Amino acid sequence: MANKKIYLDYAATTPVDPRVVKAMEPYFTEKFGNTASLHSFGVEAKEVLEKSRKVIADTIKAKASEIIFTGSATESNNLALKGVAFANPDKKHIIVSSVEHDCILTSASWLESRGYKLTLLKVDEYGMVKQKDVEQAITKDTLLVSVMHANNEIGTIQPITEIGKICKEKNVLFHTDAAQSFGKLPIDVNRMNIDLLTASAHKMYGPKGAAMLYVRTGVKIKPILHGGGHENGLRSSTVNVPAIVGFAKAAEICAAEYKKENERLIKLRDKLIKGALNKIPDVKLNGHPKLRLPNNINLRFKYIEGEAIIILLDAEGIAASTGSACSSPKLQASHVLLACGIPVGEAHGSLRISLGRWTTEKDVEVVLDKLPKVVKKLREISPFK
Amino acid sequence: MYTKKTLSNFTNPKNYGKLKNPDGVGKVGNVVCGDVMWLYIKVEDSKISDIGFETFGCVAAIATSSQITELAKGKTLKYAMDIKKDDIVKSLGGLPPVKIHCSILAVDALAEAIYDYLKKQKQPISADLEKKHERIKQEKEIIECKYKDWTDNQTRVTSNQ
Numbered sequence: 000m001a002n003k004k005i006y007l008d009y010a011a012t013t014p015v016d017p018r019v020v021k022a023m024e025p026y027f028t029e030k031f032g033n034t035a036s037l038h039s040f041g042v043e044a045k046e047v048l049e050k051s052r053k054v055i056a057d058t059i060k061a062k063a064s065e066i067i068f069t070g071s072a073t074e075s076n077n078l079a080l081k082g083v084a085f086a087n088p089d090k091k092h093i094i095v096s097s098v099e100h101d102c103i104l105t106s107a108s109w110l111e112s113r114g115y116k117l118t119l120l121k122v123d124e125y126g127m128v129k130q131k132d133v134e135q136a137i138t139k140d141t142l143l144v145s146v147m148h149a150n151n152e153i154g155t156i157q158p159i160t161e162i163g164k165i166c167k168e169k170n171v172l173f174h175t176d177a178a179q180s181f182g183k184l185p186i187d188v189n190r191m192n193i194d195l196l197t198a199s200a201h202k203m204y205g206p207k208g209a210a211m212l213y214v215r216t217g218v219k220i221k222p223i224l225h226g227g228g229h230e231n232g233l234r235s236s237t238v239n240v241p242a243i244v245g246f247a248k249a250a251e252i253c254a255a256e257y258k259k260e261n262e263r264l265i266k267l268r269d270k271l272i273k274g275a276l277n278k279i280p281d282v283k284l285n286g287h288p289k290l291r292l293p294n295n296i297n298l299r300f301k302y303i304e305g306e307a308i309i310i311l312l313d314a315e316g317i318a319a320s321t322g323s324a325c326s327s328p329k330l331q332a333s334h335v336l337l338a339c340g341i342p343v344g345e346a347h348g349s350l351r352i353s354l355g356r357w358t359t360e361k362d363v364e365v366v367l368d369k370l371p372k373v374v375k376k377l378r379e380i381s382p383f384k
Numbered sequence: 000m001y002t003k004k005t006l007s008n009f010t011n012p013k014n015y016g017k018l019k020n021p022d023g024v025g026k027v028g029n030v031v032c033g034d035v036m037w038l039y040i041k042v043e044d045s046k047i048s049d050i051g052f053e054t055f056g057c058v059a060a061i062a063t064s065s066q067i068t069e070l071a072k073g074k075t076l077k078y079a080m081d082i083k084k085d086d087i088v089k090s091l092g093g094l095p096p097v098k099i100h101c102s103i104l105a106v107d108a109l110a111e112a113i114y115d116y117l118k119k120q121k122q123p124i125s126a127d128l129e130k131k132h133e134r135i136k137q138e139k140e141i142i143e144c145k146y147k148d149w150t151d152n153q154t155r156v157t158s159n160q
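Same order as they appear, the protein sequences are chains F and B.
Each residue of the first sequence is one higher than the one before, starting from 0 at the first, in numbering that gives the first Met the number 0.
Each residue of the second sequence is one higher than the one before, starting from 0 at the first, in numbering that gives the first Met the number 0.
You can take every hint at face value.
With a cut-off of at most 25 Å between alpha-carbon atoms, the simulated DSS-like pairs for lysine-lysine come out as follows:
(1) B/Lys-13 with F/Lys-375
(2) F/Lys-375 with B/Lys-19
(3) B/Lys-72 with F/Lys-376
(4) B/Lys-3 with F/Lys-372
(5) F/Lys-376 with B/Lys-19
(6) B/Lys-13 with F/Lys-369
(7) F/Lys-4 with B/Lys-4
(8) F/Lys-301 with B/Lys-139
(9) B/Lys-13 with F/Lys-376
(10) B/Lys-26 with F/Lys-301
(11) F/Lys-375 with B/Lys-26
(12) F/Lys-369 with B/Lys-4
Source of the hints: derived by calculation from the structure; they are not laboratory data.
Bear in mind that the values here come from a model prediction, so they are computed numbers and not experimental data.
Starting from the given sequences, assemble the full structure and let the hints guide the process.
The structure is reproduced here in structure tokens:
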């Protein structure tokens, strides 16, 4: 049996880096002040908040005043879509890709239910949006285009520089959900013509409960949370200082280490993909073979179902994830895989393995040993083989 | 999410695999939903002397398949036909609400296998079983129909506006 548990679900959430934990610690006990307080405790909290804001802004070449801290990527994405819509009532058309995270898709369809026109951009077999489609979809009434930087399920990296350029030319706002790429891929909001960007701490070795929305100076946006006027009036709520300090520390570490780390992860990723394709019959790679996140592997196995693979792998001490939402009501295979044109039956048999800072070559070898056995066992049970 | 009993049934399923020359076969489910169950029975003296299953599906689908074969093996056809979804759920110590349909699938697969056996043997089929068979057939058609609507929706998504 497995003696050590192997965590390969870093795309779901990451452990907090011990260096981040250390940076956060004083802000729970000694430096616990409320950033809105006038006394020295408050001043101390406000100072570290602004310092953290500057650190995070620097990593994407933004100004500190353009960063709004929120509680989650979901909140940032809601604020981006709804906040921009509320502030710009003269335009009523929104464009998003069909492979966005549910929080973008459901925010967009909520706006649709409130009278907005919504265009869902198709993707190719790798889950990639075509810039030509963005260009064609934009009309005089278009307010915002939202296309994620990298896909959470299949890791495909979207051509956001090209999309940003088109949006700028057409005078349309461009939002990108960078929850999976922030800290992993280089981002320059100016060079990429990004007007709004979502990032989250818990996907890059920071704590849960801290995220941000970058909003370019001049972009009109209204809050969705009203209250004491924190974050320049755009996100009322007592500021979660320890989590934000952790977010900044995590961003600092990623900025310093990501290049080397990506080289390491790409080697491991490609070893795992190649090994799985060689060792297991009837398996295919989901997502783009090259233009994908350095830590993402997504495979689909014919004749078997994803949840069953996950639970058998878990019994072997390997924690991974599925693209297929078998636990949700019937007829709901992953919308991302279906948008790529993958047949429903095959989409159900998908497995996402996401690597991270503590993944070793040994871990990859264990997966390459256990995974073929798990697949074989389930296929023995399956009527299709 | 799953009980220990469900997980152990799943990781060590009983009676899986095709039977040679089965007396009855029940095929239920749909690959679109992610659950397909094929159930085979051998019958001697109106008793299920051997039983086997093949399942494409999630943990609950495989666990309930295994469980119904355990509950039905060696039993009379009459007894087997009386196994309810709740009997399976109870014997597994419960199932998550979204997975209850897997236990229905298992009951249906067994009913279909018995129906197939009786039909082949030209034995009388009770009104209840006939009704069940009709419902299962109809549900298959409904799902296929639903699936068609759903693919049409997908076309809307991919056709840009």
